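Please model the complete structure; the sequences and the hints are all you need to start from.
2 protein chains.
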Amino acid sequence: MNASSRAPAVETLRWRDGRLELIDQRLLPSRFEYLSCSGAAEVAVAIRAMAVRGAPAIGCAAAFGIALEAQREKHRAPAQFSDAMDTAFKTLAESRPTAVNLFWALDRMRAVLAQGRDPKAVAEKLVEAALALFHADLETNRAIGRAGAALVPDGARVLTHCNTGALATAGHGTALGVVRSARDAGKRISVIASETRPYLQGARLTAWELTQEGIPVTLITDSAAGHLMSRGAVDMVVVGADRIAANGDVANKIGTYTLAVLAERHRIPFYVAAPLSSIDTSVADGASIPIEERGAAEVTGYAGVRWAPEGVAVANPAFDITPAALVSALFTEKGVVERPDAARIRALFDR
Amino acid sequence: MNASSRAPAVETLRWRDGRLELIDQRLLPSRFEYLSCSGAAEVAVAIRAMAVRGAPAIGCAAAFGIALEAQREKHRAPAQFSDAMDTAFKTLAESRPTAVNLFWALDRMRAVLAQGRDPKAVAEKLVEAALALFHADLETNRAIGRAGAALVPDGARVLTHCNTGALATAGHGTALGVVRSARDAGKRISVIASETRPYLQGARLTAWELTQEGIPVTLITDSAAGHLMSRGAVDMVVVGADRIAANGDVANKIGTYTLAVLAERHRIPFYVAAPLSSIDTSVADGASIPIEERGAAEVTGYAGVRWAPEGVAVANPAFDITPAALVSALFTEKGVVERPDAARIRALFDR
Numbered sequence: 001m002n003a004s005s006r007a008p009a010v011e012t013l014r015w016r017d018g019r020l021e022l023i024d025q026r027l028l029p030s031r032f033e034y035l036s037c038s039g040a041a042e043v044a045v046a047i048r049a050m051a052v053r054g055a056p057a058i059g060c061a062a063a064f065g066i067a068l069e070a071q072r073e074k075h076r077a078p079a080q081f082s083d084a085m086d087t088a089f090k091t092l093a094e095s096r097p098t099a100v101n102l103f104w105a106l107d108r109m110r111a112v113l114a115q116g117r118d119p120k121a122v123a124e125k126l127v128e129a130a131l132a133l134f135h136a137d138l139e140t141n142r143a144i145g146r147a148g149a150a151l152v153p154d155g156a157r158v159l160t161h162c163n164t165g166a167l168a169t170a171g172h173g174t175a176l177g178v179v180r181s182a183r184d185a186g187k188r189i190s191v192i193a194s195e196t197r198p199y200l201q202g203a204r205l206t207a208w209e210l211t212q213e214g215i216p217v218t219l220i221t222d223s224a225a226g227h228l229m230s231r232g233a234v235d236m237v238v239v240g241a242d243r244i245a246a247n248g249d250v251a252n253k254i255g256t257y258t259l260a261v262l263a264e265r266h267r268i269p270f271y272v273a274a275p276l277s278s279i280d281t282s283v284a285d286g287a288s289i290p291i292e293e294r295g296a297a298e299v300t301g302y303a304g305v306r307w308a309p310e311g312v313a314v315a316n317p318a319f320d321i322t323p324a325a326l327v328s329a330l331f332t333e334k335g336v337v338e339r340p341d342a343a344r345i346r347a348l349f350d351r
Numbered sequence: 352m353n354a355s356s357r358a359p360a361v362e363t364l365r366w367r368d369g370r371l372e373l374i375d376q377r378l379l380p381s382r383f384e385y386l387s388c389s390g391a392a393e394v395a396v397a398i399r400a401m402a403v404r405g406a407p408a409i410g411c412a413a414a415f416g417i418a419l420e421a422q423r424e425k426h427r428a429p430a431q432f433s434d435a436m437d438t439a440f441k442t443l444a445e446s447r448p449t450a451v452n453l454f455w456a457l458d459r460m461r462a463v464l465a466q467g468r469d470p471k472a473v474a475e476k477l478v479e480a481a482l483a484l485f486h487a488d489l490e491t492n493r494a495i496g497r498a499g500a501a502l503v504p505d506g507a508r509v510l511t512h513c514n515t516g517a518l519a520t521a522g523h524g525t526a527l528g529v530v531r532s533a534r535d536a537g538k539r540i541s542v543i544a545s546e547t548r549p550y551l552q553g554a555r556l557t558a559w560e561l562t563q564e565g566i567p568v569t570l571i572t573d574s575a576a577g578h579l580m581s582r583g584a585v586d587m588v589v590v591g592a593d594r595i596a597a598n599g600d601v602a603n604k605i606g607t608y609t610l611a612v613l614a615e616r617h618r619i620p621f622y623v624a625a626p627l628s629s630i631d632t633s634v635a636d637g638a639s640i641p642i643e644e645r646g647a648a649e650v651t652g653y654a655g656v657r658w659a660p661e662g663v664a665v666a667n668p669a670f671d672i673t674p675a676a677l678v679s680a681l682f683t684e685k686g687v688v689e690r691p692d693a694a695r696i697r698a699l700f701d702r
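Chains H and L, in that order, are what the protein sequence lines are.
Following this note's numbering, the numbering of the first sequence begins with 1 at its first residue and continues without gaps.
Following this note's numbering, the numbering of the second sequence begins with 352 at its first residue and continues without gaps.
Just so you know, these hints were derived from the structure itself, not from any lab.
Predicted, not measured: the structure shown is a model, and the values here were computed from it.
Hints should not be assumed to be uniformly reliable.
Stated by the list, open to error - If you only want the chain L side, here are some residues facing chain H, beta carbon under 10 angstroms, derived:
id: 1; residue: V361
id: 2; residue: L379
id: 3; residue: A554
id: 4; residue: R555
id: 5; residue: T569
id: 6; residue: A576
id: 7; residue: G606
id: 8; residue: V612
id: 9; residue: L613
id: 10; residue: V634
id: 11; residue: T651
id: 12; residue: P660
id: 13; residue: E661
id: 14; residue: G662
id: 15; residue: V663
id: 16; residue: V665
Cβ coordinates follow ideal geometry from the N, Cα and C atoms, glycine included.
Below, the structure written as structure tokens:
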């Protein structure tokens, strides 16, 4: 079956009858519900509250937020329309101040807005632009998936970390997109999902999304990955990336570096699946990427249950840096970069 | 200050007015309460329910359980006393069938029982034997602590895993005993405690017990250890052992192996603190040690909160194997074994 012809089983975002519907990821996996948004403010609330998460998914949601607002305000006079749109851009930009894809998507939408004067015509263009952005992300992920799937043998047991799936993107996913593409190419694939403390994206989201599609998945604690590798139970590791430096160093969810070190010891391929938009050529190497330190409450308990003693000090780095030397290959929409380094990454942009 | 003269801040087990009192570890860290036991059946319930855990602590509790039962039954005729004691041994032996120290302690108590006929005299001997066993464990831990502390520099930041402290033993602890001994020797020590998913012994017990004694402790997720090592924030790793093979391979809490691999990469010493009773010379190497697979519920949630989707497959190995080649040194009550191997471990028993 061709990847593009398969209807996605998990539709994180969908545009229906002029409204944006998004899976409320705060409720997963215990409840599966769509949240319906009819304006920019509602989308901003959904982003801030993490009903939608994952950088590409946030970017798409913000673009739809602008489209929604334009539709609603299109009967106003041009000046009033313009004011309403300014407010919408501001509200969305403030919803997740560190999300790079959010600003990138808003910049794209602002360029479309600047091209017209008639509110009705501009609103139509903005809806088209949001849908185009959504479909472009989906196609990028499918291209990443095809590139990576070529290196996934039949029967592969793939270890992944965090959630890099349909739930984090317009659909298909990056690292999980590779799994989906390999499955779509007729390969038997099974996934080992590390739970990904502290926020448990692996246990909550990856396990749920793979179960939905009938892809076999086994959940483990993050600590069990080394044991499974030592017993020969892992054929490859595929993860996503939050940001890739010019030399190929990868910033990704805390715990990624540990998996790369373990994979090297056990001679297991360690792959990173990410779009070119994740490569930040303005950053020379991983040491220059700041690591976000998050709050203690994520570590001392979960969902109202506290298990650590009051007053204990906590270190909660959200990301770590995997040196390029530990990356067997990078999967991008422009193909595979084996043993990534500065020269090979530069060459990627010229392909 | 001399280690032996310091009154322990955490008294896991205490013998008071002919009763056994033990910290109910199920309630930690939110509540600190002693459970009082007056017979073998009550002690068996406490062991089964994990109110007391940690192999050495379980062994001591079982010995006290026998002593309690003997005290209570000592006014009976010899035949009835003997029957009551048989029942007590059976009840305690069934409380945690995989705990090696439990059987070892019960065997010691049975030998004492066999030496006398008069219930009153035997009961007195059994109380003495239980107290001797308790104090011997405490002294063993203090000797391990002294041996290890010599290698801990002033200002050391020590990463540890699981709980190997006073709560797991008669007192002082094994890996945490090294920390206590270094502190008692006047060194400034701080601890990084990995939370130790799935059962969270690091977050719940190690963090609590160190906080009680004013030893600085920082709690992290298991996944964050590699990042901290890469940033130069860890000076050494000290862990305990559930079982050590004749060649020095170490079976310990899941996640230990990962810490050893990371420590080797960063040239950080990786130490194992354990009594000689943990060395099983009947097992040639780690590959021969069976790894207990525990239930899925530990991984899919915690304390009534479920975060993984229903029906997801789970792998939950409770232990992993760290090859001897990754162990910088073994700390025992007979001193330090650098770069342990079969010959050096054999020699240890002749010291």
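Hints and how they fare:
no.	hint	result
1	V361	violated (12 angstroms)
2	L379	holds (8 angstroms)
3	A554	holds (4 angstroms)
4	R555	holds (5 angstroms)
5	T569	holds (4 angstroms)
6	A576	holds (7 angstroms)
7	G606	holds (3 angstroms)
8	V612	holds (6 angstroms)
9	L613	holds (6 angstroms)
10	V634	violated (17 angstroms)
11	T651	holds (7 angstroms)
12	P660	holds (4 angstroms)
13	E661	holds (8 angstroms)
14	G662	holds (7 angstroms)
15	V663	holds (5 angstroms)
16	V665	holds (5 angstroms)
Hints 1 and 10 from the list above are not met by this structure, while the remaining hints are.
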